[in-house]
Amino acid sequence: MNPVARSAVAAPADPVGARPSSRLEIDGRLFNPYSKDFIRSPWDAWDRLVRDYPVCWHKDLQMWVCSSHDACSEMLKDTRFSTNYKNWEHAPAPKPEADKNHFEKAIDAGLFAVEVREHLRLRKLTMPAFSKPVMMKIDAKIRDLIVTCFDEIGSPATFDAFEMIAEKLPVRSIARMVGVPTDMENFFHDFAVNVVTATRINLPLKRREQAIQDTLPGFQYFLDLIRQRRAAPHPGDDFVGSLISASDNGDRLDDYSIVSVIQAVIVAGSDTATDLHTYALQGLLKNPQQFALLKQQPELMENAIIELLRYGAFGKTPQFRFAAQDAEFWGQPIKKGQSILLNLTAAWVDPQKWPNPRQLDITRKMDGNIVFGAGAHFCIGTYLVRVQGGLMIQEFARRFPNAELLNGDGEVDYDYQHHNARRINKLMIKTHL
Amino acid sequence: MPTHQRWICVICGFIYDEAIGMPEHGIGPGQRFEDLPENWICPECGSPKSAFEVYTGI
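Top to bottom, those sequences are chains A and B.
First residue of the first sequence: 0, per numbering that gives the first Met the number 0; consecutive thereafter.
First residue of the second sequence: 0, per numbering that gives the first Met the number 0; consecutive thereafter.
Rather than coming from a laboratory, the hints here were simulated on the basis of the structure.
Possibly wrong hints are sitting among the right ones.
Claimed, not checked - Computed cross-link-like contacts, EDC-like style, restricted to lysine to aspartate or glutamate with a CA-CA straight-line distance of at most 16 Å:
#: 1; chain 1: A; residue 1: Lys131; chain 2: B; residue 2: Glu43
#: 2; chain 1: A; residue 1: Lys425; chain 2: A; residue 2: Asp414
#: 3; chain 1: A; residue 1: Lys123; chain 2: B; residue 2: Glu52
#: 4; chain 1: A; residue 1: Lys76; chain 2: B; residue 2: Glu43
#: 5; chain 1: A; residue 1: Lys131; chain 2: A; residue 2: Glu162
#: 6; chain 1: A; residue 1: Lys364; chain 2: B; residue 2: Glu52
#: 7; chain 1: A; residue 1: Lys364; chain 2: B; residue 2: Asp16
#: 8; chain 1: A; residue 1: Lys76; chain 2: A; residue 2: Glu327
#: 9; chain 1: B; residue 1: Lys48; chain 2: B; residue 2: Asp16
#: 10; chain 1: A; residue 1: Lys140; chain 2: A; residue 2: Asp237
#: 11; chain 1: A; residue 1: Lys104; chain 2: A; residue 2: Asp254
#: 12; chain 1: A; residue 1: Lys131; chain 2: B; residue 2: Glu23
#: 13; chain 1: A; residue 1: Lys352; chain 2: A; residue 2: Asp46
#: 14; chain 1: A; residue 1: Lys136; chain 2: A; residue 2: Asp46
#: 15; chain 1: A; residue 1: Lys35; chain 2: A; residue 2: Asp412
#: 16; chain 1: A; residue 1: Lys364; chain 2: A; residue 2: Glu403
#: 17; chain 1: A; residue 1: Lys294; chain 2: A; residue 2: Glu162
#: 18; chain 1: A; residue 1: Lys425; chain 2: A; residue 2: Glu162
#: 19; chain 1: A; residue 1: Lys352; chain 2: B; residue 2: Glu52
#: 20; chain 1: A; residue 1: Lys334; chain 2: A; residue 2: Asp46
#: 21; chain 1: A; residue 1: Lys335; chain 2: A; residue 2: Glu88
Just so you know, these numbers come straight off a predicted model, no measurement behind them.
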């Protein structure tokens with residue numbers, strides 16, 4: 000049972016009476032991200048959070064919750080709040096190097112843990128494969144995967160977009176981009192989910208420890224691959240090869256740094272991208288005029304992808320930060336070591352930033368959006384998923400121009416146990432073919 | 000060496016082109032990257048100037 004469900008609840012604090020140095024508090028009655036009602040319809044809870052409790056202490060979750068657009072945008076760029084969970088007051092005690100497993104070594108060398116200069120260096124290494132200037136190259140690399148995926152769907156009267164699209168495309172695409180076999184989709188999907196699960200501080204320790212163990216075969220696969228490539232006459236021209244070849248002032252990346260970058264792009268490109276596909280199709284089919292507009296003006300696609308993500312707001316417990324020092328933030332006294340739930344998806348529908356936030360408008364000006372985060376940890380997979388989502392919608396519209404959600408809502412269902420998303424795991428499409 | 004350089008944000012890929020500037024943000028054509036205010040941030044992702052480097056094409 001999760002902490003919210005089992006704990007006693009007290010009356011929510013009155014924000015009007017809150018003073019700058021006093022703690023604004025809520026509990027599970029206002030915001031319970033694990034409840035089925037919330038997962039199906041988070042809107043009322045998020046409205047209250049962004050309006051009355053933009054930054055507050057959650058008594059049941061025992062962490063801060065940062066929800067409004069402006070507060071989230073600031074926190075993402077505020078270096079007092081670290082992505083490194085070793086700053087967490089409940090982090091496991093440090094281990095001697097010799098006792099660390101692959102997961103622990105990769106996390107230590109990874110993008111969320113290394114210092115600023117090393118972080119920039121690692122991010123720079125991903126640019127040739129994943130950045131904005133190479134979006135057309137990404138398109139050329141993954142286009143056939145999208146076509147194949149729709150070939151596999153065929154011409155049925157109805158089909159499940161989760162099973163046939165969302166579960167398949169992201170992991171195949173990221174495997175292609177990284178340079179590993181695309182038929183190992185289950186292996187990479189499980190690896191990505193386990194890496195994420197292992198660092199979700201909202202989950203029980205036992206589940207996190209099991210997830211760490213379950214990541215080890217994936218890490219071993221990549222460490223073996225790196226060794227093979229290093230032993231070959233040339234490490235190859237793909238992403239893995241480019242990381243092996245990469246040097247900066249003569250320094251080569253060690254195996255764990257390479258693995259940490261690979262796992263970062265796998266995680267960014269597979270697990271969360273799953274939700275992009277279901278929520279994008281749901282959003283378009285619920286708003287046929289917008290779908291028609293997109294078909295008429297395909298140049299709106301990139302903007303539409305960001306707006307569809309914003310509108311769908313698929314997060315449950317999106318991101319965490321850890322206070323690296325005592326910090327007053329939005330008048331709230333955050334103590335060193337405390338954790339903060341960065342409630343980004345609440346921020347995406349904050350009416351202070353987004354007029355009519357529950358309305359899908361693919362022509363909306365997205366300036367200042369934090370759909371892919373902001374600051375140093377801006378989503379590493381953003382351009383891959385923008386291209387992938389755009390190609391998917393394009394192909395969907397071509398094959399099923401008259402599609403609707405079956406029985407009005409696509410018989411939508413959710414994975415209520417998902418580790419961080421309001422994961423749709425069933426969305427039935429009626430093709431009208 | 001070209002008169003104007005292009006700079007890329009290594010975090011998000013945003014490119015600042017000195018030849019064009021960012022007129023919509025009040026930065027005129029020809030504005031050198033080094034001369035942008037030290038507290039200037041990437042308009043796409045909010046990263047500081049230190050996250051940029053000269054872009055020579057990928």
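- Message: Can you confirm whether the C-alpha distance between lysine 76 of chain A and glutamate 327 of chain A stays at or below 16 Å?
- Response: holds (15 Å)
inquiry  = Run the distance test for lysine 335 of chain A versus glutamate 88 of chain A: straight-line Cα separation, threshold 16 Å.
reply    = With a Cα-Cα distance of about 8 Å, the restraint between lysine 335 of chain A and glutamate 88 of chain A holds, given a limit of 16 Å.
Hinted pair lysine 364 of chain A and glutamate 52 of chain B, Cα distance within 16 Å:
violated (28 Å)
Q. If you draw a straight line from the CA of lysine 48 of chain B to the CA of aspartate 16 of chain B, is it 16 Å or shorter?
A. Within the cut-off at roughly 14 Å; holds.
Restraint check for lysine 131 of chain A with glutamate 23 of chain B, where alpha carbons must lie at most 16 Å apart
violated (21 Å)
Given pair status - aspartate 16 of chain B, lysine 364 of chain A, alpha carbons within 16 Å: The given pair, whose Cα atoms are some 22 Å apart, is violated under the 16 Å limit.
Practice problem: With a cut-off of 16 Å on the C-alpha distance, tell me whether lysine 140 of chain A and aspartate 237 of chain A pass. | Solution: holds (11 Å)
### Query
Can the restraint linking lysine 352 of chain A and glutamate 52 of chain B be considered satisfied, given a maximum Cα separation of 16 Å?
Measuring from Cα to Cα gives roughly 31 Å; hence the hint is violated.
Open item on the list: For a C-alpha distance cap of 16 Å, please report whether lysine 123 of chain A and glutamate 52 of chain B respect it.
Closed with: Between lysine 123 of chain A and glutamate 52 of chain B the Cα gap is close to 10 Å, so the pair holds against 16 Å.
For lysine 425 of chain A and aspartate 414 of chain A, compute the direct alpha-carbon distance and say whether it is at most 16 Å. Judged against 16 Å, a Cα distance of about 9 Å means the pair holds.
Query raised in the report: Has the given pair, lysine 334 of chain A with aspartate 46 of chain A, been kept, meaning a C-alpha gap of at most 16 Å?
Result: Roughly 26 Å separates the two Cα atoms, so the pair is violated.
- Given the hint that lysine 35 of chain A pairs with aspartate 412 of chain A, does the C-alpha gap stay at or below 16 Å? holds (11 Å)
Taken one by one, the earlier hints fail for this structure at numbers 5, 6, 7, 12, 14, 16, 17, 19, 20, listed in ascending order.
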